[in-house]
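Residue numbers (our numbering), protein chains in the order written: chain A, 1380 to 1515; chain B, 1380 to 1515; chain C, 1380 to 1515; chain D, 1380 to 1515.
One or more of the hints may lead you astray.
Any copy will do: because identical chains look the same in the list, a pair fits if it lies in one copy or spans two.
As the list claims (entries may be wrong) - Calculated pairs, EDC-like style, for lysine to aspartate or glutamate (alpha carbon to alpha carbon, straight line, at most 16 Å):
1) K1431 to D1453
2) K1448 to D1459
3) K1472 to E1455
4) K1431 to E1455
5) K1448 to D1429
6) K1472 to D1459
Read the hints as simulated data drawn from the structure, not as lab findings.
The structure presented is a predicted model; accordingly, all values stated were derived computationally and were not measured.
There are 4 protein chains.
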Amino acid sequence: MTNATCEHCDVHEPHEAHEVHEIHETHDQQGDRDQHRECDQHAAGGYIEDQKRIIARLSRIEGQIRGIKQMAQDGEYCIDILTQISAANSALKSVALILLDDHLNHCVRQAAAEGGDVADDKLDEASAAIARLVRS
Amino acid sequence: MTNATCEHCDVHEPHEAHEVHEIHETHDQQGDRDQHRECDQHAAGGYIEDQKRIIARLSRIEGQIRGIKQMAQDGEYCIDILTQISAANSALKSVALILLDDHLNHCVRQAAAEGGDVADDKLDEASAAIARLVRS
Amino acid sequence: MTNATCEHCDVHEPHEAHEVHEIHETHDQQGDRDQHRECDQHAAGGYIEDQKRIIARLSRIEGQIRGIKQMAQDGEYCIDILTQISAANSALKSVALILLDDHLNHCVRQAAAEGGDVADDKLDEASAAIARLVRS
Amino acid sequence: MTNATCEHCDVHEPHEAHEVHEIHETHDQQGDRDQHRECDQHAAGGYIEDQKRIIARLSRIEGQIRGIKQMAQDGEYCIDILTQISAANSALKSVALILLDDHLNHCVRQAAAEGGDVADDKLDEASAAIARLVRS
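In isolation and in its complexed conformation, chain A is listed as follows (with noise of 0.2 Å):
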């Protein structure tokens, strides 16, 4: 069943991350604001195609930040402590980015393709975090 197309979502790509059948259960059972969650839930689909280029960045970062963490165990200079953490940051945002930019050309457009709240919903939950990612 994984691989077959949501049929309350048919913009979006099968995916193998999901039981389908298992969602299509949730859509039944669950109100309409769930639905439109689940669905995207559903296409973290919104990054498939980059879920290994994602985990293996943050793989690298999680690296980074232990090797930070073992510099200052070591009691190492300050400022070659600060010039891994700006770096790890950068690589954070570089992250970020791609995800932004899968959710809005999955997850944001199908939605708006959708129209009506589901369009509003999604629009409203990617402005905010834009928002955070911009203050963070």
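Once you've looked at the hints, dock chains B, C and D against the given chain A.
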């Protein structure tokens, strides 16, 4: 020997992270430029009072990043991942600001008191680190 | 003529900022790519409801910058100038986030509803703008 | 009188931005805390060598903001306005970094050389300003 004050840089605190004896040998063996760097590295002392707090925070951030990677592996919803990335970004900046504050209060302060080239080098280095952080 | 709805892009609101007639001429004269751009430019409509608020905020920021310049001319204290610059930076980001929200809710939403190349172009453009803002 | 060196703070450069005589009167009239502030304010000297460059950059940024406001008044395209806002943001940060560098190299350096409470106050103040900038 570890708790003695370095005879070369009499301002900073005694510290545990390095073998003072070893460092003094380095002082004897290396040129002026390296002495300055050793001296402050030694004064990892810059952040020695905050070392535990900094390591604890970096451990938490490492856990956050691992959690974010797991979310991406589980195909979780883009926006939820973005929210966690923004939080990790802010947390990293906070650690950087603690380190910078310690660096200014120990390494830069001591170098400024020494004056001359040592002061020039330390101040240029601090400015460059701040610029990298602001732009990261 | 100014308050009429553009016959080309029937989604957006009528607006005052452009001569619709003029724009339609442009529609006739230019290729597809430019039409899309015209169409949304026209839909400055993106932020037309917030236009007054945005202009008011930009006026205030302009005044802030003029004040900061005066502080520098008067030789005022570095830290006081830095505080004002940080405040102006935050204020600029807030205006940018209002504009982005409007852009997503109007231009991007409308383009996503149209689908195809129009949607692709608008979404790529929005992602690039977000990246510039996040890294600025 | 303007070009004389302040007898109170013998480290910094002579300057033109303040009436030294006036400042010395203030020194006599006010308590310790204010003396320190006066002293460095006086050492707006912090950025006196870069003052023209800083004012020129702020003039350019003021013009940028005025241009952005005009774009909003003309109903120009959201993305074009966002691009200009990101550019103004970067330009503001650059001015802030020049000011910070000057502040560290003059005010903070001088205070650190004096030591004691003066140094403590200046370093805390600088750290707080850096934190505001990093988070703005």
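Do the hints match the structure? See the list:
1. K1431 to D1453: Cα proximity of K1431 and D1453: across copies only (12 Å, versus 33 Å in one copy).
2. K1448 to D1459: within (12 Å within a copy, 26 Å between copies)
3. K1472 to E1455: neither (25 Å within a copy, 18 Å between copies)
4. K1431 to E1455: Close across copies (14 Å), not inside one copy (33 Å); limit 16 Å.
5. K1448 to D1429: between (28 Å within a copy, 13 Å between copies)
6. K1472 to D1459: between (20 Å within a copy, 15 Å between copies)
Hint check: a violation occurs at hint 3 only; the rest are consistent with the structure.
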